[in-house]
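Chains as they are written, first to last, in my numbering: chain C, 1433 to 1756; chain Y, 111 to 620.
Be aware that a few hints might be false.
What the hints assert, rightly or not - Only part of the chain Y face toward chain C is listed, based on derived beta-carbon distances under 8 Å:
#1 L159
#2 T162
#3 L251
#4 P254
#5 P308
#6 P378
#7 G433
#8 A440
#9 A445
#10 A566
For the record, the hints were derived by calculation from the structure and aren't laboratory data. Every residue gets a Cβ at the ideal spot worked out from N, C-alpha and C, and that includes glycine.
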Amino acid sequence: MSFGNPAKGMLAAAVLAATALFTAPASAEIKNLEIIAPANAGGGYDQHARAMQQVLQDHKLASSVQVVNIPGAGGTIGLSQFVTAKKRNPGLMISGLGMIGAILINKSPVTLDQVTPLARLTGEYQPIVVAADSPLKTLDDLIKKFKADPGSVSWGGFAVGSPDHILYGLLVKAVGGDVSKMNYIAAGAGGEMMASVLGGHITVATGGYNEMASQLQAGKLRALAISAPQRIPGVDIPTFKEQGVDVELVNWRAVMAPGNLKASEKQALDDAVGAMVRTDDWKRIAEERGWIDLYLPPEKFAAFVKDERSRIEGVLTDLGLVKP
Amino acid sequence: METLAALGHGFLVALTPYNLLWSAIGVTVGTAVGVLPGIGPALTVALLLPVTYGLEPTSAFIMFAGIYYGAMYGGSTTSILLNAPGESGSIVTAIDGHAMARQGRGAQALATAAIGSFIAGTIATAALTFVAPLMVKLALLFGPAEYFALMVLALTTVTAVLGSSLARGLASLFLGLALGLVGIDMQTGQARLAFGVPELLDGIDTVVVAVGLFAVGETLYVASRHRFETEEIYALKGSKWMSREDWSRSWKPWLRGTLLGFPIGTLPAGGSEIPTFLSYLVEKRLAKKPEEFGKGAIEAVAGPEAANNASAAGVLAPLLSLGLPTSATAAIMLAAFQQYGLQPGPTLFDNNPELVWGMIASLYIGNVLLLVLNLPLVGFWVKLLLIPRPWLYAGILVFSSLGAYTLNNNVVDLVILWVIGLVGFGMRVLNVPVAPCVVGLILGPLAEQQFRRALAISQGDPSVFLTHPISAALLIIAALLVIGPMVLRYRNNGAGNGSSSSPSGTHPAT
């Protein structure tokens, strides 16, 4: 740039200054970020990865963000690739409650010890539902039926050891039933399981509230209880706790950073994610998808993961899926 | 009448030049992802979802619908030309479609696939328009016992692809069933035959096996014979248009395929493979020349392709009328609905009629656009076979490997592809048919899971399969399909005319 022409020089300086001013928050922009969604396109992990991609890029918190789907074995294939990959570019991985169970059940050689918990993002509370014409009207009816004849209640859920299975395990344990007598049916993903309970082929089903909202509103399903700590505004379902059953479970989703991070790298990622969850765009996406904002920063989240791991291991041991 | 008025309004929405443009973009992108292995419509819609945020929901859904239907069209192209099915719904198409291509009838195979897809797509979209709620009600009657019976019925397809040697056919079937066992057992969470390889925990992908057996195995075999035999692939022999005979042999399979595809597509656990298997079986049973099946029978392309496309429309029925996503693409479409603050389900038709009817109308329009796009492309696609042999074979192997890797971004899939490919080569050398293996691999695990679910729910009482009327009926049909040809053959033998029946129906294979 030549400063021979003063006017031109002034202009250039002004442009530089302006650029500096407007891009000040973007000085921490993370380049070539790769987000691993350890599941197929369309699922919860994938949707979180793509929502992050969209918001991080739109708000200039990161650039050239790529989402890579590595499905398999409840997310543990994605986890093992995330842990073992030698990458020059910064990477993140979506994780969640389901992965904790999958690691234990699949005896995964890699665990969450090898990643840095970065942030809990969102969660969904799970209602337990029956078909509208089911004779079971209340949670109490369900518990009575189970205690009278445990095999007669078919509990439909996603995979063995999934959050669905864990919720049923917690419920049966809390009411003093015999967990080992549960007739759990791995009834397949979303639509398939819902169709099974709507058609009366299985006794109960569970899943994210949002997946069932329209069926509940249309009166085709009846919710017996929801796994939230207190009533959720706008959701007319009693919690387990208010019905005297001490069960609480949130199917949380989170984002993990690589294990061997420098403090400065961790700080940069933490700043970006922290800024992301505060944007209106993120809040809007979460509301549309029915995700409840449950953001926890790195330290609190790490402590939460630790508690959650021992709790889940306990339930899975009761269910006979993990040998103590 | 009300439906017609609503649909008419939908056409007004979809036929604006702006929305037509999005439909055209959708079908073009869809055809492209259908042709490329490893990239499916689900991933494409997921990739485009953030991009479409600024669009009107109606325009976005018109484009998504185009991608969805387009991918179904594109999938048959690689099946027929390269013997490399891009998605599991086109596996059956590869069997006779590729045989046709080798005989220089690739253009006719592509044409009957495209026209059959158009006809099936249009009829099934009409069915979606008028009887979706009814179909969905029927679909909910299907529980594990009914699904198991349906899988048994589909398994009888094996009798149509066994080949001339019963022992070899069954060996191939059992290899498929064994491969299907690999991975975590859904009902207990225990790993089977994974040998400590974490990537095997989710089982072996059917597309990887199909591409390995069909494309890699076949290519290795043909390449190994290169020195000893003269070329046997012809790009084009005679006219590239379907003859009068082709038409008369195609139209009934198109309609029958549609009739099988749509209802099974509406079943939440129906899937796209089962109607294609059943269509193949039905066509072979009804064909005047069943001995041509496996060697390039046009019915065997027309029927399954129609069934595949009709089932794609069927999948939209539970999505639109119940909000139940029953395929990966449907799940991502559900997310797209939510992005626009729409809740699919019983209330969607009332709350957002413009969107729903615009989308349904765009399915009709997309079908026409796809036919217009695909028929002229037929001449271009068959030229692929003019590529000099070594390049073509190398190309098929690269293309297959690329596809296997993209599927899960995992190197282990590549290893599986090549191991299966070598097995396929060996099977080809030993004259063992590969189709029964794929049938076993796809249906075995489905049948097993449904069987065990049914028994778990009934607490171990096996009579559920016979006391549920739908299940009992399906099992009886399956038994008749296996026993029927035996009885016919027996009677023919009695009349002193034993040579006319097909050799494949000689034994109950299931």
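Here is what the structure says about each hint:
At about 7 Å, the closest approach between the beta carbon of L159/Y and any beta carbon in chain C falls short of 8 Å, and the interface hint on this residue holds. Interface hint status for T162/Y: violated, as the beta-carbon distance to the closest one in chain C is roughly 11 Å, over 8 Å. Interface restraint check for L251/Y: the shortest CB-CB distance to chain C comes to about 6 Å, inside 8 Å, so the restraint holds. Because the closest C-beta pair between P254/Y and chain C is about 6 Å apart, less than 8 Å, the hint holds.
The criterion of a C-beta within 8 Å of any C-beta in chain C is met by P308/Y, whose closest approach is roughly 6 Å, and the hint holds. Because the smallest distance between the Cβ of P378/Y and any Cβ of chain C comes to about 4 Å, under 8 Å, the interface hint for this residue holds. Look at G433/Y: its Cβ gets to within about 5 Å of chain C, closer than 8 Å, so that hint holds up. Taken as an interface hint, A440/Y checks out: its beta carbon lies about 7 Å from the nearest beta carbon of chain C, inside 8 Å.
Residue-level restraint check for A445/Y holds (minimum Cβ-Cβ distance to chain C is 6 Å; threshold 8 Å). Among the interface hints, the one on A566/Y holds; its C-beta lies about 6 Å from the nearest C-beta in chain C, closer than the 8 Å criterion.
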